[in-house]
Amino acid sequence: MSAVVPPDDRLPADGESAAEFDEPVPRVVTSRYVLTLGEWGAELEPAPKSDDSTWRPDAVPAIAPPPAPEFFLDREDLIREAIAALPSERPVVLCGAPGSGKTTLLHHFAHHPELADTFAGGILYLDAEQLCVEDTTQAVYDSLTSATNDIKAEGDRLRSLLQELSVLVLLDNTTGDRARVEQFAKVFPYVICTGGEPYPWEEGCVLEVTGFSGAEAIAILERELGRSLESEERAIAPNLSALLDGNPLALQQVAAFVRDRASSLADFFRESLSDASERPLLRVVLDSLTYDDRQVLAALAAIAPGTTSVSVLPHWLGDDIEPNVWNALVAKHLVSVRGDRAQLAANIATLIPQEWEVERCRDLWLTQWVERLLTVTSLQGNTANLDGATEDHLEITRAIAYGVEQKRWWDVNVLAKLIVTPIAASKRWGVWRDVLEAQREAARGLEDPNVEALALHQLGARSLALGDRGAAYDFLVEAERLRAQSSEAEAIAVTRHALALTLAERPIKGAGGWKATAAIFLATAAFGGAYWGWFTYLMPRPAIATLRRTHLDFERAQIERDIRRSGFVVESTGLSPVDIQDVTLGGDRPEDFAIVENTCETKTPLNPDDTCLVGVEFKPTTE
Numbered sequence: 005m006s007a008v009v010p011p012d013d014r015l016p017a018d019g020e021s022a023a024e025f026d027e028p029v030p031r032v033v034t035s036r037y038v039l040t041l042g043e044w045g046a047e048l049e050p051a052p053k054s055d056d057s058t059w060r061p062d063a064v065p066a067i068a069p070p071p072a073p074e075f076f077l078d079r080e081d082l083i084r085e086a087i088a089a090l091p092s093e094r095p096v097v098l099c100g101a102p103g104s105g106k107t108t109l110l111h112h113f114a115h116h117p118e119l120a121d122t123f124a125g126g127i128l129y130l131d132a133e134q135l136c137v138e139d140t141t142q143a144v145y146d147s148l149t150s151a152t153n154d155i156k157a158e159g160d161r162l163r164s165l166l167q168e169l170s171v172l173v174l175l176d177n178t179t180g181d182r183a184r185v186e187q188f189a190k191v192f193p194y195v196i197c198t199g200g201e202p203y204p205w206e207e208g209c210v211l212e213v214t215g216f217s218g219a220e221a222i223a224i225l226e227r228e229l230g231r232s233l234e235s236e237e238r239a240i241a242p243n244l245s246a247l248l249d250g251n252p253l254a255l256q257q258v259a260a261f262v263r264d265r266a267s268s269l270a271d272f273f274r275e276s277l278s279d280a281s282e283r284p285l286l287r288v289v290l291d292s293l294t295y296d297d298r299q300v301l302a303a304l305a306a307i308a309p310g311t312t313s314v315s316v317l318p319h320w321l322g323d324d325i326e327p328n329v330w331n332a333l334v335a336k337h338l339v340s341v342r343g344d345r346a347q348l349a350a351n352i353a354t355l356i357p358q359e360w361e362v363e364r365c366r367d368l369w370l371t372q373w374v375e376r377l378l379t380v381t382s383l384q385g386n387t388a389n390l391d392g393a394t395e396d397h398l399e400i401t402r403a404i405a406y407g408v409e410q411k412r413w414w415d416v417n418v419l420a421k422l423i424v425t426p427i428a429a430s431k432r433w434g435v436w437r438d439v440l441e442a443q444r445e446a447a448r449g450l451e452d453p454n455v456e457a458l459a460l461h462q463l464g465a466r467s468l469a470l471g472d473r474g475a476a477y478d479f480l481v482e483a484e485r486l487r488a489q490s491s492e493a494e495a496i497a498v499t500r501h502a503l504a505l506t507l508a509e510r511p512i513k514g515a516g517g518w519k520a521t522a523a524i525f526l527a528t529a530a531f532g533g534a535y536w537g538w539f540t541y542l543m544p545r546p547a548i549a550t551l552r553r554t555h556l557d558f559e560r561a562q563i564e565r566d567i568r569r570s571g572f573v574v575e576s577t578g579l580s581p582v583d584i585q586d587v588t589l590g591g592d593r594p595e596d597f598a599i600v601e602n603t604c605e606t607k608t609p610l611n612p613d614d615t616c617l618v619g620v621e622f623k624p625t626t627e
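Going left to right, the sequence shown walks through residues 5 to 627 as the numbering used here numbers them.
Since the hints were derived computationally from the structure, they do not count as laboratory data. Each hint should be verified, as a subset may be incorrect.
[Stated by the list, open to error] Listed next, with one range per pair, are the computed distances between beta-carbon atoms: (1) I548 x D181: 54 to 60 Å; (2) T608 x D181: 52 to 58 Å; (3) P117 x Q358: 44 to 50 Å; (4) E234 x T379: 38 to 44 Å; (5) T608 x D344: 32 to 38 Å; (6) R593 x Q358: 55 to 61 Å; (7) E234 x D291: 23 to 29 Å; (8) Q358 x E492: 21 to 27 Å; (9) T588 x P609: 16 to 22 Å; (10) P612 x V380: 45 to 51 Å; (11) D344 x K53: 21 to 27 Å.
[To be verified] Using 35 Å as the maximum straight-line C-alpha spacing, the simulated DSBU-like pairs for lysine-lysine come out as follows: (12) K411 x K421; (13) K607 x K53; (14) K53 x K411; (15) K190 x K53.
Here the structure is a predicted model, which is why all the values come from computation and not from measurement. By construction, the Cβ of each residue, glycine as well, lies at the ideal position given by its N, Cα and C atoms.
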């Protein structure tokens, strides 16, 4: 678990102006370490032990549900099957095409009286788009706690809490594939999520959300038209529904188009089928739009399935977007707006023609985020005060991913540098990892070893805080190698300290294969110190150097190609400082090994209870 510690509230010192006073350095506390997110990366210190009861909320607050559907047609069989599966802790997956009504179903479940009676702790709805399982877990826990919650959730502990509280979790906009749902099921005992194509799965309850036909399709059309269908329209309604696969969103879009033209469904059907190109019915709707409408849809298609801020879009497109444009697109069900966030209707994302310059919009999207964050930084000194921080962070992360795809390394580096600390402090460590990986790739593209070393150090610190010591060591060793080339003493010290913590915990286990013993000789260890109580206790005060482990396990490696790294921790376990004069490699084949890290010679003398490290690299030269 981790907690975001409140910022340092110290005052500027005498003679130090408020403008010159640095912003408080954010810190994140995990169950293992305290990470101070400073200039050289996360500085780690062992976390103090805390009462485990602080992890859970004192009381479960009321959970605000999503709005109930205004218009909901009969899906009683599907609802019954889903409700029957939940008490047995079988995950429920709603599968179906975009626009088939999966979100509407989730909203209905959030207000279903039988579920409300079954789950005493409440029903929690979360839009989990673009969130990994780890960050979804965090978002769910945050939703159960007060606004001041400062804890980084862990999946196994959250599962037991949700079981005890009897909370149903509804996850919208997830991929719903089997592997992902299995991960969700390990964390959430009672969960309903959404997916694409249905698949067989005995351990879960996979339900297909299909389109409507017959009376249900006519009800959708009449509701959108605001009138009853004429006899000719009723006659063609089954054919129209079949061409649209009964998709309720597509039926609404076509009916809205007909309503705005003040025509009939029969005329629309005949005109659409007379087109020699046999284009999809929804392309007819899109082709009828104005230039401004197309600009907005192309911009949203560029970032689909993501969302963006309505207030940002005019700056992005370079023109003012009139409010009536938004209102018209929402009324036609081509765009959905939740609060200040806009999103393209999922079922038309693949129908937007390329001549609408979708790729150009994507380039502008990345550029406007770089310009916006640089402006915010120059005015505020940081990016933590962005409106809608969590959703903005996710959007910026998508922009960074696009920048990597296009090899726009400068833009990627700017965005990553400005957003990486706020993301880490927000406890979304899955997103943090993605941004750091992108920053590392950008640094390589820019040939900037300092930025690459910073990203590697952060990846190592993150891995260590989450308990992945093997990955932490690999990242930190490479970061230390790059930082040693730059001669930045403070940066090197921060990384070496993290390396010492990594090696001090326990051995890093490889996958098997080569097992090499690197014999490390600590030559000329000087014993010193006064002898206390010799005549009373006959007890000397020796200087003793101890290896915390005497063997290193390396993975199987290809000759003169693969490199494996691990290391030893040397601890002063005596009563006097240890003076270490030399560290060398021995054994039958020392040419296959190299010392790549050695703080024992630079840190000497080693005080009692202090540690130093010797990193060893294995690169086989012969079989």
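Tested hints:
At about 56 Å, the beta-carbon gap between I548 and D181 stays in the expected band of 54 to 60 Å. The given range of 52 to 58 Å is respected by T608 and D181, whose C-beta atoms sit roughly 55 Å from each other. Taken as a hint, the range 44 to 50 Å holds for the pair P117 and Q358, whose Cβ atoms sit roughly 48 Å apart. Our hint of 38 to 44 Å for E234 and T379 is violated, since their Cβ atoms are close to 56 Å apart.
In this structure the supplied range 32 to 38 Å is violated for T608 paired with D344, their Cβ-Cβ distance being about 59 Å. Checked against the hint of 55 to 61 Å, the C-beta distance between R593 and Q358 comes to roughly 60 Å, which is consistent with it. For the pair E234 and D291, the beta carbons lie near 25 Å from each other, so the given range of 23 to 29 Å is met. The given range of 21 to 27 Å is broken by Q358 and E492, whose C-beta atoms sit roughly 47 Å from each other.
For the pair T588 and P609, the beta carbons lie near 19 Å from each other, so the given range of 16 to 22 Å is met. The beta-carbon spacing between P612 and V380, approximately 50 Å, falls within the hinted interval of 45 to 51 Å. For the pair D344 and K53, the supplied restraint of 21 to 27 Å is violated, since their beta-carbon distance comes to about 42 Å. About 16 Å separates the Cα atoms of K411 and K421, which keeps this hinted pair within 35 Å; it holds.
Proposed proximity of K607 and K53 is supported: the alpha carbons are some 29 Å apart, at most 35 Å. Note on K53 and K411: the hinted pairing is violated, with a Cα-Cα distance of about 44 Å set against a maximum of 35 Å. For the suggested pair K190 and K53, the alpha carbons sit about 27 Å apart, so the restraint of at most 35 Å is met.
In this structure, the hints that do not hold are numbers 4, 5, 8, 11 and 14, in rising order.
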